Amino acid sequence: MKKLLSTIALFTLAACNPATPPDRYDVSKMDLKPAPAKVTAERHKGAFAEGAALSFGAELKALDPSPVKTVRLDTTHKIIEIAPGVKFTAWTFGDTVPGPTVRARVGDKVRFVMTNRSDEAAPGVQLMAAPMMHSMDFHAAMVSPQDKYRSIAPGQTIEFEFTLNYPGIFMYHCGTPMILEHIASGMYGAVVVDPREGYPTKADREYVVVQSEFYVKPDPQKRKVDGAPLYVLDTDRLRAAQPTHTVFNGTHNGMVKTPLAAKPGERVRMFVLNVGPSRTSSFHVVGTIFDRVWMEGNPDNQLRGMQTVLLGSSNSATVEYLIPEEGSYIMVDHHFANASQGAIGLVSTAAKPPAKDLEHHNLQASATPTDPDAVAGKLAFESKCLACHTVGEGRKLGPDVAGVTKRRDQAWLARWLKEPEKMLQTDATAKAMLKEYNNIPMPNQSLTDAEVRQYLKYFQWIDSQPAGAAKAQGGH
Amino acid sequence: MTRSLVLALAFLAAEAAACGYCVEDKIASTYDHAVVTRALAQGHHVVFFHIEGSPGARRELERAASSLPGVDRDSVRLSLPTLTLSVAFDPRRVSLVELNTRLDRKLVARKLSFMPFRIMEEPADLKAVKR
Numbered sequence: 005m006k007k008l009l010s011t012i013a014l015f016t017l018a019a020c021n022p023a024t025p026p027d028r029y030d031v032s033k034m035d036l037k038p039a040p041a042k043v044t045a046e047r048h049k050g051a052f053a054e055g056a057a058l059s060f061g062a063e064l065k066a067l068d069p070s071p072v073k074t075v076r077l078d079t080t081h082k083i084i085e086i087a088p089g090v091k092f093t094a095w096t097f098g099d100t101v102p103g104p105t106v107r108a109r110v111g112d113k114v115r116f117v118m119t120n121r122s123d124e125a126a127p128g129v130q131l132m133a134a135p136m137m138h139s140m141d142f143h144a145a146m147v148s149p150q151d152k153y154r155s156i157a158p159g160q161t162i163e164f165e166f167t168l169n170y171p172g173i174f175m176y177h178c179g180t181p182m183i184l185e186h187i188a189s190g191m192y193g194a195v196v197v198d199p200r201e202g203y204p205t206k207a208d209r210e211y212v213v214v215q216s217e218f219y220v221k222p223d224p225q226k227r228k229v230d231g232a233p234l235y236v237l238d239t240d241r242l243r244a245a246q247p248t249h250t251v252f253n254g255t256h257n258g259m260v261k262t263p264l265a266a267k268p269g270e271r272v273r274m275f276v277l278n279v280g281p282s283r284t285s286s287f288h289v290v291g292t293i294f295d296r297v298w299m300e301g302n303p304d305n306q307l308r309g310m311q312t313v314l315l316g317s318s319n320s321a322t323v324e325y326l327i328p329e330e331g332s333y334i335m336v337d338h339h340f341a342n343a344s345q346g347a348i349g350l351v352s353t354a355a356k357p358p359a360k361d362l363e364h365h366n367l368q369a370s371a372t373p374t375d376p377d378a379v380a381g382k383l384a385f386e387s388k389c390l391a392c393h394t395v396g397e398g399r400k401l402g403p404d405v406a407g408v409t410k411r412r413d414q415a416w417l418a419r420w421l422k423e424p425e426k427m428l429q430t431d432a433t434a435k436a437m438l439k440e441y442n443n444i445p446m447p448n449q450s451l452t453d454a455e456v457r458q459y460l461k462y463f464q465w466i467d468s469q470p471a472g473a474a475k476a477q478g479g480h
Numbered sequence: 051m052t053r054s055l056v057l058a059l060a061f062l063a064a065e066a067a068a069c070g071y072c073v074e075d076k077i078a079s080t081y082d083h084a085v086v087t088r089a090l091a092q093g094h095h096v097v098f099f100h101i102e103g104s105p106g107a108r109r110e111l112e113r114a115a116s117s118l119p120g121v122d123r124d125s126v127r128l129s130l131p132t133l134t135l136s137v138a139f140d141p142r143r144v145s146l147v148e149l150n151t152r153l154d155r156k157l158v159a160r161k162l163s164f165m166p167f168r169i170m171e172e173p174a175d176l177k178a179v180k181r
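These protein sequence lines map, in sequence, to chains Z and V.
Going by the working numbering, the first sequence opens with residue 5, and the numbers climb by one from there.
Going by the working numbering, the second sequence opens with residue 51, and the numbers climb by one from there.
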């Protein structure tokens, strides 16, 4: 009896303990009554994206202290370059893919406005998809979808507001049917919501990484943009969840070309969102261990000492890690089929500060092939071969491929790519090359005939360029 | 009266259905900017109907709607998954009420009826249809 009374007393004391922290998720303190959305026929004619809370590119701006974040993200249709030579008819928020990142804090109000400007022609480009209805679905908001997320016609503007009740990294996307096509065409982005009291750690660098898939095919009408073939959405691949490109921040191997900067000893905080729309991501950074992982970006969902974080479509995580020493640390989707499609990036101690304008859209690529087979060969080469080969930069573990179509004939190259192990047993040239390159054999990549043809087309294109003009991008 | 009430209730039920099937999403499923732009430039209107019933062949519905007097040629757009039909029409030749009555009459044998829910009379202005 005495023991029972002591237990009750202990529980009572615990319940009355004034040090008990308040419930961060007390629904009675959440704003769940936002004002109704307003739709008008007013067309905004200024910038496509506006607001102090917006960040463009991977580098995340510090939190804007204002408790009300006014955000404009207009919808546009435009041509973007998702990989060298792959110019795709995209649909956007804020005229970029992914859309700009919105950063705010729990308790902040987001005052959102969007004009559907899908009917506006981009300068010099007449090949966009037909104007259509679009909408905005913020996963960070708790609102009626029928009111706030309604679709608006070209020329219409919608305004609504909501309060951020939970910390995290939340997806935003167009929710107009067919949603799959709207997302796969580029209509997505991230909202980073800081905890009301801030993060429990201090980071030296903050970056946003948005993983997504593209499903493209050469335009059946064979239209061109600046001399390069136009690519359009491949709806068959889209429904079968067979992407042609899986990328970080909208571009194939984009952050290999422009690595993110960090110094030895620094703590990097990375806000990672997997948009999908259909694949999972197994996010990993080679050479580090995630000291902390906050699933969905909420520090209450903490894991320690993780090597990889698994993210389904629209899942997110904040990962924090230390940069131990000088080097290039490779961000990768450890589903290597995805990585080989472009989901690779670098965090490098040698990186220069990012350029002010990371906008990559509507830019003419530097020397790059236009034949779709050669483009496919280039992408495959940059994903799989740069560990051992260069293009015009001398020998590595294997030979420089510049000039290879002049040194060897097509039939020999085709056989070499298809079955190098057999060639090494029977072919004198192959045997001599093995000896010259320290007995490191060329691995069999199990290429199909079509893939061999693509590689050869790419090698022919390299050798048709002025010396030194063709360069490979990426590799680690 | 009873028929209108049943239709309204049925439509509200459809409106409250899963993501992608609210009013604006139904509009989006048949919205064709080229049709809208062409119609409004001529002073014509574009109306969006909810289809009540189980439409069978797409061709039959499209043909029936296109053949009505006052309906613009090649302006009929149909979405079977969202049960939505839109047409552009000349309000000087046919009123919306007449158009609706004729469409209902034409497809009554198929047990289909049509309930207009939004109309565009001006660019970027989707008005609710008053009944």
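Simulated from the structure, these hints should not be mistaken for laboratory data.
Among the clues, some could well be false.
What the hints assert, rightly or not - Computed list of lysine-lysine pairs in BS3-like fashion (alpha-carbon distance at most 25 Å, straight line):
1. Lys42(Z) - Lys161(V)
2. Lys42(Z) - Lys177(V)
3. Lys426(Z) - Lys461(Z)
Said to hold, decoys possible - Covered stretches of chain V (chain Z as the covering partner; in silico rule of three or more C-beta atoms under 8 Å from a C-beta of chain Z):
4. 146-152
5. 162-174
These figures come from a predicted structure and were not determined experimentally.
From the three backbone atoms N, C-alpha and C, an ideal C-beta is built for every residue, glycine too.
Query raised in the report: Between Lys42(Z) and Lys161(V), does the CA-CA distance stay at or below 25 Å?
Result: violated (37 Å)
Requested in this report: Verify the coverage statement for the region 162-174 of chain V against chain Z, using a C-beta to C-beta distance below 8 Å and requiring 3 or more qualifying residues.
Outcome: Since 4 is at least three, the answer is holds.
**Report entry** Given coverage of the region 146-152 of chain V by chain Z, checked by CB-CB distance under 8 Å (3 or more)
**Finding:** n = 0 at 8 Å, threshold three: violated.
Query raised in the report: Within 25 Å, alpha carbon to alpha carbon, are Lys42(Z) and Lys177(V)?
Result: holds (13 Å)
**Report entry** Pair hint Lys426(Z) and Lys461(Z), alpha-carbon separation not exceeding 25 Å
**Finding:** holds (23 Å)
Checked against the numbered hints given earlier, the structure breaks hints 1, 4 and satisfies all the rest.
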